[in-house]
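Colleague: Given these sequences and hints, build the entire structure.
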Amino acid sequence: MVEFKNITYNYSSKSGIYDVDLSIQDNEFCFLVGPTGSGKSTFLKLLYFDLFPDKGDVRVLKYLSSKIKKKDIHRARKKIGVIFQDYKLLKQRTVYENIALPLHINGIGRKKISNLVNEALELTELSRYSRKFPNELSGGEQQRVCIARAIVKNPDIILADEPTGNLDPTTGHKILRILEQINKEGTCVIMATHNYKLITEKPYRVIELDQGRVVSE
Amino acid sequence: MIDKIAFLFAEGLKNFLRNKLTNFLCVITILINFTILGTFFVVGFNTDSLVDFFRSKYTFEIFLNDEVDLKQSNTIVTDLKANSAISSVMLIDKEKSADIFLKEFGENVEDMLGYNPLPISLKISLQKDNFDLKKIELLIDEIEGYNFVDSVEYRGAYIDSIEDRINLFIFLFLVLVIGIVFISIQMISNTVKLSMSNRSDFIEILQYNGASNMFIKIPFFIESILQSTIGAFIAFLLVNYSFIVINSYFNLNIQVDDVLWAWMIGLSLIIGIYASNRAMKRILL
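Protein chains in written order, with numbering that gives the first Met the number 0: chain W, 0 to 216; chain X, 0 to 284.
If you're looking for bench data, these hints aren't it; they were derived computationally from the structure. Here the structure is a predicted model, which is why all the values come from computation and not from measurement. Cβ coordinates follow ideal geometry from the N, Cα and C atoms, glycine included. It is possible that part of the hints are untrue.
To be verified - Taking CB as the label site, the calculated pair distances span:
no.	chain 1	residue 1	chain 2	residue 2	range
1	W	Ser11	X	Asp200	19 to 29 angstroms
2	X	Phe181	W	Val205	37 to 47 angstroms
3	X	Leu49	W	Lys69	49 to 59 angstroms
4	X	Tyr273	W	Pro202	53 to 63 angstroms
5	X	Tyr240	W	Ser11	21 to 31 angstroms
6	X	Leu175	W	Leu60	50 to 60 angstroms
Unchecked claim - Straight-line alpha carbon distances no greater than 20 angstroms define the calculated PhoX-like cross-link-like pairs of lysine-lysine that follow:
no.	chain 1	residue 1	chain 2	residue 2
7	W	Lys90	X	Lys19
8	X	Lys13	W	Lys69
9	X	Lys216	W	Lys77
10	X	Lys19	W	Lys70
11	W	Lys78	X	Lys3
12	X	Lys216	W	Lys68
13	X	Lys216	X	Lys192
14	X	Lys3	W	Lys110
15	X	Lys280	W	Lys69
16	W	Lys70	X	Lys216
17	X	Lys280	W	Lys68
18	W	Lys131	X	Lys13
Modeller: Here it is in structure tokens:
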């Protein structure tokens with residue numbers, strides 16, 4: 000599903016990730032941990048083709064970073080759901096419209112969109128907020144909208160970049176439970192976090208990064 | 000697919016209504032440029048009519064020798080009428096010439112001199128279509144060479160000079176039109192760039208959710224189409240009513256092309272879509 004073949008990506012500030020060589024299987028739940036600046040976001044950005052490695056090759060589903068053309072990146076992204084720490088919601092659109100966006104992009108019909116969005120709203124316990132705007136919601140609620148938007152298109156992979164970073168511990172656990180549920184339904188979840196407390200006692204694979212290198216798995 | 004198209008159209012329309020200030024600026028830009036352009040179109044359209052008017056007035060007169068009688072004159076008329084460059088030939092016999100003299104000078108030439116010295120003449124009108132001044136001059140040279148012709152009077156050089164000036168004006172008009180089109184492209188392109196950079200977050204979110212460049216572009220194109228149509232249509236109304244007022248105030252007959260609105264809206268759409276595409280290409284890479 001996901002394969003890093005000896006990947007190096009260097010920012011001009013001499014940070015990045017170096018010689019990363021690993022693979023993540025279908026249906027896997029995997030934590031990416033490490034302190035700020037350890038390369039977690041770079042790792043995820045390489046997975047949704049926001050960055051391209053200086054060395055090595057990243058494979059995500061059937062797409063290879065060395066072969067994918069810029070005009071085809073959107074095809075890969077249609078199969079990847081991304082959850083951002085800063086939510087990246089459209090402020091002028093309602094919760095419903097934000098969640099429906101990827102479905103419109105995928106060319107899904109209006110009736111089916113309504114069914115899928117309602118399912119995602121239920122899963123993330125947001126049904127009663129569907130007509131609200133993001134700025135009327137709390138941080139945790141906005142993050143759940145972001146999750147609903149990522150899962151609504153039924154992606155093969157969910158990439159979550161510090162989804163609990165701005166949230167209190169209780170809300171953080173709630174978010175994690177939703178992601179676990181999504182994973183149980185067969186979606187591969189890769190979650191970057193620096194919150195070690197949150198992931199202790201979880202039976203999932205943990206990839207630890209430090210200064211751009213994998214230090215433990 | 001229909002749902003996707005409907006969504007994109009609705010997005011374009013919503014964006015047009017949401018981004019009032021940017022769209023207002025763009026409509027004003029198009030309005031100003033197309034008011035100038037529309038005015039040039041009307042002037043250019045009437046310049047063509049002016050050329051046609053001069054060509055319709057392009058006549059020359061052949062004065063025949065005294066020895067030529069009316070019968071011979073009629074034969075010459077028939078020969079001249081056969082020439083494809085000539086639309087009509089009017090025979091002015093001695094009596095008609097005397098009448099013209101009387102009208103112009105208020106004197107009867109026969110009473111003055113005791114005889115009529117005025118020659119028989121032929122007034123030649125030329126075809127407006129396929130008008131070729133060089134051919135006409137060659138024809139005049141040929142006619143001047145005939146032994147029954149005393150002289151030929153024509154104002155070719157004068158009209159030619161007017162036509163040269165009109166052609167220079169048309170050339171300058173074309174340069175100005177190209178200049179305005181270029182400025183319009185530049186201004187619309189900059190407005191679209193501004194609009195896109197204002198919505199860079201929106202574009203980024205669309206991209207992360209798998210939107211293709213075309214999906215992102217279409218609502219911007221729809222906005223451009225709305226801006227162009229509204230801007231050019233108001234410009235047309237402004238130009239059209241301005242010339243109605245000018246015609247009535249100065250008692251002129253400046254014609255406004257019946258399909259000027261279609262030209263203006265069509266051209267603004269082409270410019271708008273091209274300029275938007277150019278702006279987006281630079282941003283969306």
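Colleague: None of the hints should be skipped; say for each whether it holds.
Modeller: Evaluated hints:
1. At about 24 angstroms, the beta-carbon gap between W:Ser11 and X:Asp200 stays in the expected band of 19 to 29 angstroms.
2. The supplied range of 37 to 47 angstroms is broken by X:Phe181 and W:Val205, whose beta-carbon atoms lie about 60 angstroms from each other.
3. In this structure the supplied range 49 to 59 angstroms holds for X:Leu49 paired with W:Lys69, their Cβ-Cβ distance being about 55 angstroms.
4. Against the hinted window of 53 to 63 angstroms, the Cβ-Cβ separation of X:Tyr273 and W:Pro202 comes to about 58 angstroms, which satisfies the hint.
5. Between X:Tyr240 and W:Ser11 the beta carbon distance is about 60 angstroms. The supplied range of 21 to 31 angstroms is therefore violated.
6. The given range of 50 to 60 angstroms is respected by X:Leu175 and W:Leu60, whose C-beta atoms sit roughly 56 angstroms from each other.
7. Our distance criterion of 20 angstroms between C-alpha atoms is met by W:Lys90 and X:Lys19, whose separation comes to about 17 angstroms.
8. Between the alpha carbons of X:Lys13 and W:Lys69 the distance comes to roughly 29 angstroms, so the proposed pair goes past 20 angstroms and is violated.
9. Note on X:Lys216 and W:Lys77: the hinted pairing holds, with a Cα-Cα distance of about 18 angstroms set against a maximum of 20 angstroms.
10. About 31 angstroms separates the Cα atoms of X:Lys19 and W:Lys70, which puts this hinted pair outside 20 angstroms; it is violated.
11. A threshold of 20 angstroms between alpha carbons decides the hint, and for W:Lys78 with X:Lys3 the separation of about 18 angstroms falls inside it, so the pair holds.
12. Under the criterion of a C-alpha separation no larger than 20 angstroms, the hint pairing X:Lys216 with W:Lys68 is consistent with the structure, at around 19 angstroms.
13. Straight-line distance between C-alpha atoms of X:Lys216 and X:Lys192 comes to about 12 angstroms, which keeps the hinted pair within the 20 angstroms bound.
14. Our distance criterion of 20 angstroms between C-alpha atoms is met by X:Lys3 and W:Lys110, whose separation comes to about 13 angstroms.
15. Proximity of X:Lys280 to W:Lys69 is assessed by CA-CA distance (about 13 angstroms); at most 20 angstroms being required, the pair is judged to hold.
16. Restraint check: the Cα-Cα separation between W:Lys70 and X:Lys216 comes to about 13 angstroms, which is no more than 20 angstroms; the hinted pair holds.
17. Pair hint X:Lys280 plus W:Lys68 holds up; C-alpha atoms about 16 angstroms apart against a cutoff of 20 angstroms.
18. Distance check on the hinted pair: W:Lys131 and X:Lys13 sit about 18 angstroms apart at the alpha-carbon level, within 20 angstroms; holds.
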